[in-house]
Amino acid sequence: MTSECFQAKLSKMAKSPLPSAHYDLTDLRVFIAVAEEGSVSRGAQRCHLAASTVSLRIKGLEDAIGAALLQRQSRGVGLSPAGHVMLDHARRCVAQLEQMHADLMPFAQGISGHITLFANNNAISTHLPDDLARYLADHPSVRITLTERLSTDIVSAVAQGSADVGVVAVESPHPDLLYLPYRVDHLVVLAPKGSSIAKRRRTAFSDCLQAPFISLQQGAALHTFLMNKASSLGARLDVRVQVSGYRAIARLVDAGVGIGVVPKTALEAADRDRVAVVELTDDWARRDLRVCVRSGTCGANPHLQDLVSLLTYKGEISTSGGFRFSMELQRNAP
1 MTSECFQAKL
11 SKMAKSPLPS
21 AHYDLTDLRV
31 FIAVAEEGSV
41 SRGAQRCHLA
51 ASTVSLRIKG
61 LEDAIGAALL
71 QRQSRGVGLS
81 PAGHVMLDHA
91 RRCVAQLEQM
101 HADLMPFAQG
111 ISGHITLFAN
121 NNAISTHLPD
131 DLARYLADHP
141 SVRITLTERL
151 STDIVSAVAQ
161 GSADVGVVAV
171 ESPHPDLLYL
181 PYRVDHLVVL
191 APKGSSIAKR
201 RRTAFSDCLQ
211 APFISLQQGA
221 ALHTFLMNKA
231 SSLGARLDVR
241 VQVSGYRAIA
251 RLVDAGVGIG
261 VVPKTALEAA
271 DRDRVAVVEL
281 TDDWARRDLR
291 VCVRSGTCGA
301 NPHLQDLVSL
311 LTYKGEISTS
321 GGFRFSMELQ
331 RNAP
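For the sequence shown, position 36 (counting from the first letter as 1) is numbered 36 according to full-length UniProt numbering, and the numbering increases by one without interruption.
Careful, some of the hints might be misleading.
[To be verified] Beta-carbon label-pair distances, calculated as ranges:
#, residue 1, residue 2, range
1, 256, 300, 51 to 57 Å
2, 100, 257, 40 to 46 Å
3, 145, 269, 28 to 34 Å
4, 256, 67, 51 to 57 Å
5, 38, 256, 44 to 50 Å
6, 173, 82, 45 to 51 Å
7, 146, 80, 39 to 45 Å
8, 238, 84, 35 to 41 Å
9, 93, 238, 37 to 43 Å
[Said to hold, decoys possible] Straight-line distance between alpha carbons at most 35 Å, and here's what the computed DSBU-like set of lysine-lysine pairs gives:
#, residue 1, residue 2
10, 229, 193
11, 229, 264
12, 193, 264
13, 229, 199
14, 199, 264
The hints are simulated quantities; they were obtained by calculation from the structure and are not laboratory data.
Heads up, the beta-carbon is just placed ideally off N, CA and C, and yes, glycines get one too.
All chains, full assembly: derive it from the sequences and hints.
This is the structure:
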């Protein structure tokens, strides 16, 4: 290809019209309705619009995207390959916008503050619900967004400012964060009564790796933690069943499906009657849960200051960001 031909081709490409992206939220809602109903007329009824209006909006959306989104079928319409991709993105866009409105609604109703709290699975499943209920009873105009994350991810989020406060169990504290005692817990093994593991009072994690495990679902903090611990021993967990909570683990252990590792405080009295609870001798089985915050942030946010104070010690947090605590832990108070 000569230099002149190449330049001419580039010039032609530069002048080629690109699809415009002029569409709005109503267009996305209309498209979702038509796609889910499989019919323009039913989609129009769902959106309380005329079928002709819906057809025009779909046509405009296709022009903006630069590809056909719907295909005519014997009964109604179906999605084209591009339509399948569009539907997935449209649903997520609408869901995010709805979540934005839900998050902003309390401000219109007069809430006085919002706190983003990240915590590991252990804290969320045991201690935090009661503590947050107490806090919100005293602070009805505050909203809290509670999200489960791995402890290492929580530390990074708090340090970077994407979370206001975290509840973690970490071995290497971040130098830019303050760490305050919250709770002490222990991981224990649940085993079917009568099994070889159930005959022990204490056991090492390495001695349990030959048994099938009942685990929390992939992505849960404890699941990731235990998989990594097994890997560090040169082994893999034989995960027979994955479930969503500790109650299900206890029930499946009782049924003889396998063994599980859970926080001791997550157990109920009925669990102790049905299954054997065996202590883990590994150092990491002790879980020192701590509240972590960025230095100085509590003084600027009185709602955060009150939450951290409730979760940790009785006392106050000074406006300079330093902490003044009484000697008595709040968790030991009546």
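Taking the hints in turn, this is what the structure says about them:
no., hint, result
1, 256 to 300: 51 to 57 Å, "54 Å, holds"
2, 100 to 257: 40 to 46 Å, "42 Å, holds"
3, 145 to 269: 28 to 34 Å, "32 Å, holds"
4, 256 to 67: 51 to 57 Å, "54 Å, holds"
5, 38 to 256: 44 to 50 Å, "46 Å, holds"
6, 173 to 82: 45 to 51 Å, "49 Å, holds"
7, 146 to 80: 39 to 45 Å, "40 Å, holds"
8, 238 to 84: 35 to 41 Å, "37 Å, holds"
9, 93 to 238: 37 to 43 Å, "41 Å, holds"
10, 229 to 193, "25 Å, holds"
11, 229 to 264, "18 Å, holds"
12, 193 to 264, "17 Å, holds"
13, 229 to 199, "24 Å, holds"
14, 199 to 264, "18 Å, holds"
The earlier numbered hints are all upheld by this structure, with none contradicted.
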